[in-house]
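Using the sequences plus the hints, can you model the full thing?
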Amino acid sequence: MTKSVADDPVRLLKDLIACPSVTPTEAGALDLLEITLKSIGFEVTRLVFEGDGSYPVDNLFATRGTGGRRLLFAGHTDVVPPGDLANWTADPFTPREADGKLYGRGAADMKSGVAAFVAAAAAMPADAGTIMLAITNDEEADAINGTDKLMKWAEQNQHHFDFAIVGEPSSAATLGDSIKIGRRGSLSGVITVAGIQGHVAYPDKANNPMPALARVVTALDTTIDTGTEHFPATNLEVTSIDVGNAISNVIPAAGTIRFNIRYNDLWTPDTLTDWVRCRIASIDPAGASISFELAGTPSRSFLSPLSDDVQTLSATIAAITGQPPALSTGGGTSDARFIAQYGPVVECGLVGPSMHKADEHIALSDLTGLTNIYRRFMLGFFGVVS
Numbered sequence: 001m002t003k004s005v006a007d008d009p010v011r012l013l014k015d016l017i018a019c020p021s022v023t024p025t026e027a028g029a030l031d032l033l034e035i036t037l038k039s040i041g042f043e044v045t046r047l048v049f050e051g052d053g054s055y056p057v058d059n060l061f062a063t064r065g066t067g068g069r070r071l072l073f074a075g076h077t078d079v080v081p082p083g084d085l086a087n088w089t090a091d092p093f094t095p096r097e098a099d100g101k102l103y104g105r106g107a108a109d110m111k112s113g114v115a116a117f118v119a120a121a122a123a124m125p126a127d128a129g130t131i132m133l134a135i136t137n138d139e140e141a142d143a144i145n146g147t148d149k150l151m152k153w154a155e156q157n158q159h160h161f162d163f164a165i166v167g168e169p170s171s172a173a174t175l176g177d178s179i180k181i182g183r184r185g186s187l188s189g190v191i192t193v194a195g196i197q198g199h200v201a202y203p204d205k206a207n208n209p210m211p212a213l214a215r216v217v218t219a220l221d222t223t224i225d226t227g228t229e230h231f232p233a234t235n236l237e238v239t240s241i242d243v244g245n246a247i248s249n250v251i252p253a254a255g256t257i258r259f260n261i262r263y264n265d266l267w268t269p270d271t272l273t274d275w276v277r278c279r280i281a282s283i284d285p286a287g288a289s290i291s292f293e294l295a296g297t298p299s300r301s302f303l304s305p306l307s308d309d310v311q312t313l314s315a316t317i318a319a320i321t322g323q324p325p326a327l328s329t330g331g332g333t334s335d336a337r338f339i340a341q342y343g344p345v346v347e348c349g350l351v352g353p354s355m356h357k358a359d360e361h362i363a364l365s366d367l368t369g370l371t372n373i374y375r376r377f378m379l380g381f382f383g384v385v386s
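First residue of the sequence shown? That's 1 in UniProt numbering, and the numbers climb one at a time after it.
Since the hints were made in silico from the structure, they are not lab data.
Source: prediction; values computed, not measured.
All C-beta atoms, glycine included, are put in the ideal place defined by N, C-alpha and C.
It cannot be assumed that every hint is accurate.
[Claimed, not checked] Each computed BS3-like pair below joins lysine-lysine, with the alpha-carbon atoms no more than 30 Å apart:
{"hint": "1", "residue 1": "K14", "residue 2": "K38"}
{"hint": "2", "residue 1": "K101", "residue 2": "K14"}
{"hint": "3", "residue 1": "K152", "residue 2": "K38"}
{"hint": "4", "residue 1": "K101", "residue 2": "K357"}
{"hint": "5", "residue 1": "K14", "residue 2": "K357"}
[Unchecked claim] Restraint ranges, calculated between C-beta atoms of paired labels, are given here:
{"hint": "6", "residue 1": "S188", "residue 2": "V384", "range": "41 to 51 Å"}
{"hint": "7", "residue 1": "E97", "residue 2": "V238", "range": "40 to 50 Å"}
{"hint": "8", "residue 1": "S365", "residue 2": "L266", "range": "36 to 46 Å"}
{"hint": "9", "residue 1": "C278", "residue 2": "V384", "range": "47 to 57 Å"}
Now the structure itself:
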């Protein structure tokens, strides 16, 4: 018997890759998911969020079942631009199989996770429990009108969950070698040091902001903490020092420092902001004025409890791959940070080294393996006897 699109993760992934859904253009990817999910009994709601200084975004929320335990899968269909097409072996939006691999933009990040979960859900009995999917087309860019607002909408409409999986590529080298039980937070800022512009030959008539600028950088270059049980040490990286001055005989009027802090669960955006202000206050500005403001919206760190559901997922992966996964909090940020505000969440997906690169690809065997991981986990999560 021929498999339907929902039953066949390879076919579904190919169809998703063929949708050039570069953020925020949906390009038919969510239309395809809507049709596929409805074919296996899901009720699908499409939501467009807009405003807050960002572009409108199409989102999808799907549910099947009304009782029992409640499992949420979250992910995104948007992809980063392919870049210079000359670096690709073939068209990035034409799925291509070669040597046991499937190539195309979004293959690893993260249309594969979406395809695997849909195929796994298709194999579940309709009365197993409640399965939900929250899919956005805005994870790779602003992430303002995507998962954050989608989860607020879900909460307002009583779509609660007991456990959530985000299908981001969490594996490091081999399928299932790592799942993410938390993520560091991210806080970016801009510090401006203002002096008085003048001629270099008359420094007494000016106030060069550069010495104070250097002292601020030195003050920030210090140990913030030594890490926690599940997180590495918080680190601050200065990413730019700029005075906008290309003239050698002019003392600049002002200079800016841009930085980013990746922080662990010892901190919140508020306490970390206070820490930065204290470091700035510790230096002598020598007559210059110093101001500090956040750049963008900070993302919070989170750590999911090591619950029975995490143990079930770990045991499922060990049974399929032969080894339990490492419980990681490494890497950057993901949309799991929005979901963690409403319940426990982990990230579990494919191997990700090729994501965002030319000739992005996955091993087809990994896609089959991830589908099996999701399916067997759901059996255990819902208590279904296979």
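(request) Mind checking the alpha carbons of K101 and K357 for me, to see if they're no more than 30 Å apart? (result) holds (15 Å)
(request) Using the beta carbons of S365 and L266, state whether their distance is inside 36 to 46 Å or not. (result) holds (40 Å)
(request) For the pair we were handed, K14 and K38, check the Cα-Cα distance against 30 Å. (result) holds (19 Å)
(message) Need the status of pair K152, K38: alpha-carbon distance at most 30 Å?
(response) holds (23 Å)
(request) Take the C-alpha atoms of K14 and K357, compute the straight-line distance between them, and say whether it is at most 30 Å. (result) Answer holds: K14 to K357 is near 18 Å, not above 30 Å.
(request) Could you say whether the range 41 to 51 Å given as a hint is met by the Cβ separation of S188 and V384? (result) Taking Cβ atoms as reference, S188 and V384 lie about 45 Å apart, which means the hint holds.
(request) With respect to the beta-carbon atoms only, verify the hint that E97 and V238 lie 40 to 50 Å apart. (result) holds (45 Å)
(message) Is 47 to 57 Å respected by the C-beta to C-beta distance linking C278 and V384?
(response) holds (54 Å)
(message) Check whether the Cα positions of K101 and K14 lie no farther apart than 30 Å.
(response) Holds. K101 to K14 sits at ~12 Å (cutoff 30 Å).
Of the numbered hints listed earlier, not one is contradicted by the structure.
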